[in-house]
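Q: Single-letter residue listing:
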Amino acid sequence: MLLVLILFFPLVAALLTYAVGDKLAGKVALGLSAIEFVISLVALKNLAHHGIVSQYSHMWICDPKIFFAISADGLSLLMVLLTTFLVPVIILSSWGKEISNAKSFYSLVLLMQFALIGVFVATDGFLFYIFWELALIPIYFIALLWGENKDKEFRNTAIFKFFVYTLAGSLFMLVAFIFLYSKAGSFMINDLYALDLSISEQCWLAAAFFFAFAIKIPIFPFHTWQADTYKEAPTVGTMLLAGIMLKMGLYGLLRWMLPIFPHGIIALNPVLITLSVIGIIYGSIIAIQQGDLKKLLAYSSFAHVGLIAAGIFSLTIEGFQGAVVQMLAHGVNVVGAFFAGEIIFRRTGTFEISKLGGIRNLAPKFATCFILVVLASVALPTTNAFIGEFLLLYGTFEYNTWLSLVAGLTIILGAVYMLKMYQRTMLGETNSITAGFADLSISELSVFVILIAAIFVCGVYPKPIFEIAGPALDNILKTTLR
Amino acid sequence: MKALTYTSFLGIACLVLEIFNLRKVAVPFVLLSLAAIFGLNLTEWNTNQIYYHDMLRGDNFAIAFTGLLIIIAFLLVCLSGNFFQSEETKLADYIAIIIFTLCGAIAMVSFSNMTVFFIGLEVLSISLYILAGSKKTDIRSNEAAMKYFLMGSFASGILLFGITLVYGASGSFNLSEIATYATSGKVDAIFQVGVVLILIAMLFKVSAVPFHFWAPDVYEGSPTLITAMMATIAKVAALAAFYRLFSTCFINSFHVFAWVLSFVAILTMLLGNLTALNQDSFKRMLAFSGIAHAGYMLLAIITLYGNKANSLFFYATAYSFASIGAFAIAMIVMRNMKSEKIEAFNGLGKKSPLLAFTLTVLMLSMAGIPPMAGFFGKYYVFLDAIRNHHLALVLVAVVTSVISVYFYFKVILAMWTKDSDEATFSADMPYTIVSLICLAVTILLGLSPSLISSLF
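So the sequences go chain by chain: L and V. Just so you know, we're using our numbering here: the first sequence kicks off at 1 and counts up by one. Just so you know, we're using our numbering here: the second sequence kicks off at 1 and counts up by one.
Be careful, since some hints might not be right.
[Said to hold, decoys possible] With a cut-off of at most 20 Å between alpha-carbon atoms, the simulated DMTMM-like pairs for lysine to aspartate or glutamate come out as follows: (1) V:K341 - L:E153; (2) V:K350 - L:D292; (3) L:K152 - V:E340; (4) L:K355 - L:E148; (5) L:K152 - V:E343; (6) L:K355 - L:D292; (7) V:K418 - V:E340.
Derived by calculation from the structure, the hints in this document are not laboratory data. In this text, all values refer to a predicted model and were calculated from it rather than measured experimentally.
Please work from the sequences and hints to get the whole structure.
A: What follows is the structure, encoded as structure tokens:
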């Protein structure tokens, strides 16, 4: 029942937040999401004892047979923890900011958390699909209604493109699920694992799944919605999108796509892994050219997840482990980076890198926090991303040396665009726009402290992550290579 | 099928109320009676009775669709009190005609004899011709009525011709006797011609492409309440009758014409959704989206091959509630803004968040986004289609569903992101209540589709 509590608590929290009204909404949302984090830590303890967090299964719809089935192994639980950890941080990051209609805003954020946790714990394919789509609705409205850009028309178009693009991908996944149901007579994940499909069926179905996941992640060439959406959404929305939501796609690859279509994956793998690696290079090069801070971070995120996807498609245990560590690391780092961008925007009103400069002289605390986040993003040893990227590259290396070499460029290119961005925004001469840049407030500082603590704890001592995720990943790899 | 008898009496009772000048009680009286008839209808569940020398059959299919039609009529009558304010002296007449429409629809879902089918269809159509022209001073309403009448009578003629040919070949109007003849192996060519003519007439009634040209003009010109009726009662009854015919007596011919019907369904889904993209008028957009929805329901009929009609029933229910709710809110907005354009919805999110939220959910349901009822409607249809190896049709349906998101979201965008200058906004109680009922049903069926997903 613990898992049911973890799943439904955010939904209750969303309703409560809406009920208490605009004034208290932020505080209530923060408090409740912090409680949710504590509950999920209890689940972690359970996992250590029993190897699996409580399962729950209940008949939801009799014909076709659909179960309300949820369960969490190590992989799911880590994703849930990432969600429950980041949501309070993200809520805290909006502290002290004027938000119109705050009760709706915060309850949408919590509703989003509900859907995300649902995606990570569902073991019935249909339930997974429902949560997958449900996550789209709150983020659509968050991005649409609370976006900061003045140009409303462009925002509507960009956010709408995002919605239709992801919906289109998901619908193909739905058709694939229905097809699987007609073969297996059930949506339960274990029944789907046990299916014996012909190679060509597997290829087609895997392609349909890939379409849905690749758009969400995004993998080249399905990324065109990403930069504009990240830019137009309010930063809280961008953090939810980049920090947690794109992990849905990566998680989907690991949990649903690889083990259900083992032969299809092996047949398609050269294409999939190449696309992922192209994304790494392509994203990095565009990031170097970007003049807009938020877009730069969007493209860097695109490059990073390309590497994670490549690690997953390498079908090695190192690749899998690296993917999990890097999913967590990327979630934390990207939230930190977007938060730094948000602070700059709050004080200067612009994301244009060329208009900034000399902030370090005025705000030393902010400069220190920002550089730590930047260093984590470029995978400096002792930060969380280092372990992840190392393992991912190792996994890719086992698959193919050349691909690994190309993918390895990400570290160099990442350092180029991140450090260049830091240099141009924080160092140099103070100008009229950055003059009067106030240093961090207490709530802002606490967000950074929490994130930076997470960065270094995971970077120095990542062993628990491997222990938690290990058995689940072994299982997935074994099923995939059966 | 006592429901048919009692609704007929109810219609006559309405006219009597008019004679005794009891107009004021007409709406509550009819609502109470409809509720009673609904209950009575439910008691016949699983009895499978045959009425009037096998003219009507009270099988579960008939009972379920009758129940749905009664609920739809109930909601429409709720709205009619306010809608016909300007025509108060004729209120009871209009309500009587609405009830007669319901009679025709009930006959169309429960017939087991071709004559009853034809009479039902005519009662439904003639009532709608009158209602379409019920705004007597509005030239567009007149035009709609005239257009609907001319086109509809052609279709009725074709249908009658078809029934005659089938009678000529099989020697009977009775569905089971026709079915015996159709499976006997010695099927005359004129039988097939008759089936084709009936098919054409039915496709006309459900406004499938290429027999859809009347629908947008008639929908746009008619008073909004009547448009809601055409989009729900008439469409649902016609599709149910379609299924009833082609799952019993014409099932063999069905194999011959399946590819034609598949083609029609594809065209209907594509053209309905693509044309809806460019509409400025909310009513016209809903007309085209209604055409597209008819396409999805046709897909259900094609892929069922006479199997149980659960997916059709679910889709029809989800679609009807979403439509009625949307039309109810549209009536409020059109009254306030004096415009039928989608722009009239601008700023509704600020003026009335509750209504805007309701319409958002209903639009999401029509677009087929989980966890609303409309999603499960599409889902059941797709599931049946894939089970029966119609993958290509499903792929077309999926692509067109994605297209449809665009125009449903146009309304959502208008409500939430645009501002309007108009400050005053008032919503009449009945409209709000009806839209909230539709909202509740849409969400309830989305969360617990099992309630009605395996009735048969």
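Q: Of the hints given before, which are not true for this structure?
A: Numbers 2, 3 - these are the hints that the structure violates, sorted from lowest upward.
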